[in-house]
Amino acid sequence: MGLLHTVNKSPFESKTFDTCLGYAKDGSTVLLIEDGVYAATTGTSAADKIKNASGVTFAVLGPDLQARGLEGKLADGIKVVDYEGFVNLVAEHDSVQSWL
Amino acid sequence: MAVKKFMYVNRKAPYGTVYALESLEVVLIGAAFDQDVSLAFIGDGVYELTKGQNTEAIGQKNFSPTYAALGDYDVTKIYVEKESLEERGLTLDDLQHLVWEDEDEDWAEKDSIRLVSRAELADVMAEQEIILSF
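Same order as they appear, the protein sequences are chains R and F.
Okay, so the first sequence: first residue is 1 according to our numbering, each after it adds one.
Okay, so the second sequence: first residue is 1001 according to our numbering, each after it adds one.
Chain R extracted, bound-state conformation (with noise of 0.2 Å):
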């Protein structure tokens, strides 16, 4: 399997998310965690960008996403994971991006 991204910076202070997004092929992976989960709540022009980035799939971090209040913001089409969900993602990935 292709790359796995992750993303840790919110959307709206930094262009981490959108750099990230230029370097996602099809077949890859981009998890978001800390303050970029913030991307994958509705409402928000990111979300919007995930929504039409098909070949990627997208996942966020459960933990994070609960420690920010936003469980019911969630996007359509975004996978939660837990922290064992994560390692799985690296596990499964041939390769890990951490866009800092």
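Careful: at least some of the hints might be erroneous.
Claimed, not checked - Simulated pairs of lysine-lysine, DSSO-like, Cα-Cα distance not exceeding 27 Å:
#, chain 1, residue 1, chain 2, residue 2
1, F, Lys1051, R, Lys79
2, F, Lys1082, R, Lys51
3, R, Lys15, R, Lys49
4, F, Lys1005, F, Lys1110
5, F, Lys1005, R, Lys79
FYI, nobody ran anything at the bench for these hints, they're computed from the structure.
With chain R fixed as given, assemble chain F onto it according to the hints.
Below, chain F alone, put in the same frame as chain R:
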């Protein structure tokens, strides 16, 4: 001691960085000095006030309940920028309902949050004597 107009400007999301928590600590310390205090939440700062925060799984302290105590410290002016909420797909319903009790009106409970436009908030900011940014 002369009373000055203080504004604390909050622009960072909670937990990812320590700014939000540090700001709250400074506000609480400053509250002991009986100054005219306003808080502004703009940009990702609006995320500090979301309700239902649960940090159990990330192993950090959930400091969000502390915002509800600000009224008891006479911090009663909490400005939330409308444009920032909208850009993030949020409404006031997604935020905590923060109140204070007005001793001049038999402790009537009043809303602390004032939803304002960027232009309105710019006017309030321009009236301040001391602005602390986080």
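Hint-by-hint comparison with the structure:
In summary, the hint linking Lys1051 of chain F to Lys79 of chain R is supported, as the alpha carbons are separated by about 22 Å, within the 27 Å threshold. As the CA atoms of Lys1082 of chain F and Lys51 of chain R are separated by approximately 25 Å, the hinted pair is consistent with the 27 Å bound. Taking the CA atoms of Lys15 of chain R and Lys49 of chain R, the gap is about 13 Å. The hint holds against a cut of 27 Å. Between Lys1005 of chain F and Lys1110 of chain F, the direct Cα distance comes to roughly 21 Å. Compliance with the 27 Å bound is thereby established for this hinted pair.
A threshold of 27 Å between alpha carbons decides the hint, and for Lys1005 of chain F with Lys79 of chain R the separation of about 46 Å lies outside it, so the pair is violated.
Of the hints listed earlier, the one the structure fails to meet is number 5.
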